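Trainee: Protein chains in written order, with our numbering: chain A, 637 to 795; chain B, 637 to 795.
Keep in mind that the hints were calculated from the coordinates and are not lab data. Treat the hints loosely; a few may be bogus.
Chain copies aren't distinguished; within one or between two, either way the pair holds.
Think about it this way: if two alpha-carbon atoms lie no more than 30 Å apart in a straight line, the pair counts; the simulated DSS-like pairs of lysine-lysine are [unchecked claim]: (1) Lys746 with Lys708; (2) Lys795 with Lys705; (3) Lys795 with Lys770; (4) Lys674 with Lys708; (5) Lys746 with Lys763; (6) Lys708 with Lys785.
Predicted model only: the values in this text are computed from it and were never measured.
2 protein chains.
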Amino acid sequence: MHRTMLIAAAMSLSAPLMAADGAAVPYPEGYRQWVHVKSMVINPGHALFDAFGGIHHLYANKQAALGYKTGKFADGAVIVFDLLEANSADNAVQEGPRKVVGVMHKDSKKYKATGGWGFEGFKGDSKTERAVGKNAATACFECHTAQSKNGFVFSAFRK
Amino acid sequence: MHRTMLIAAAMSLSAPLMAADGAAVPYPEGYRQWVHVKSMVINPGHALFDAFGGIHHLYANKQAALGYKTGKFADGAVIVFDLLEANSADNAVQEGPRKVVGVMHKDSKKYKATGGWGFEGFKGDSKTERAVGKNAATACFECHTAQSKNGFVFSAFRK
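Okay, chain A solo, but in the shape it has when bound:
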């Protein structure tokens, strides 16, 4: 099964509450007050459109912001991938409704099986509807292994 399809399938599953190793990733309360790392728009035709189409913003809590600087993410670091619909009209792209709040939560012990990161997606504006659950290893970590030299993180802080 193609990786992109795996992600898409995982995001659309009604997933159980627990991560692979039994530790649910908590909803990232207050992340809209966190530091904005960078943004990107993914349009139709992109390989990741089914899973991540729209405009997304990455946010980092204090520990994660430090991780972007040092290259090492300590336990407690949380990165949010805030995915919104991208509404194109009149030669502009506006932010639309929220599609999913993706989360990477660093805890070397709890999430040892997936590089020390817990992965989860909260659907739309829900703090309880989970899109990843126990599928983190295949739905998220499989792609993130490509970034092992960057602590399994794809993004870099835009200055």
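Chain A is already provided as a structure; the job is to place chain B on it using the hints.
Mentor: Only chain B this time, still in chain A's reference frame:
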């Protein structure tokens, strides 16, 4: 002269250091750590493309963040309009180099002539090259008067 052209002309001028009433708007040190308000992409063909084409992010300092909540912006509130090139390729839009750091700085006394807001643009990554200077009234405030009911602010905080 068309409003859009006025803006574009003003942004490209080598402007003097002082605002219309003599008070230069300070560079917004540390704004990349501030709260992210919202974002938008302005593409070719949009009426404001010449002045504001690219991807922009709005950031608010603490006083401004409070202003977005209450609808009243107190003195000391600063809003940054961070404009980057939007690089489209492979069905995605990535952030490119910075074009300008636009600033609205609230000080009812210093900037009385322009709704209590000082307006400035800092070119690219420069903290000293000013794009607006004494042209704030025509280059910025003229459009912002349309938002008098919202404290002359166009943006709203995206939850």
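Trainee: State for each hint whether it applies.
Mentor: Now the hints, each set against the structure:
no. : hint               : result
1   : Lys746 with Lys708 : within (18 Å within a copy, 45 Å between copies)
2   : Lys795 with Lys705 : both (11 Å within a copy, 27 Å between copies)
3   : Lys795 with Lys770 : between (35 Å within a copy, 28 Å between copies)
4   : Lys674 with Lys708 : both (18 Å within a copy, 28 Å between copies)
5   : Lys746 with Lys763 : within (21 Å within a copy, 44 Å between copies)
6   : Lys708 with Lys785 : within (10 Å within a copy, 46 Å between copies)
Of the hints listed earlier, there is not a single one the structure fails to meet.
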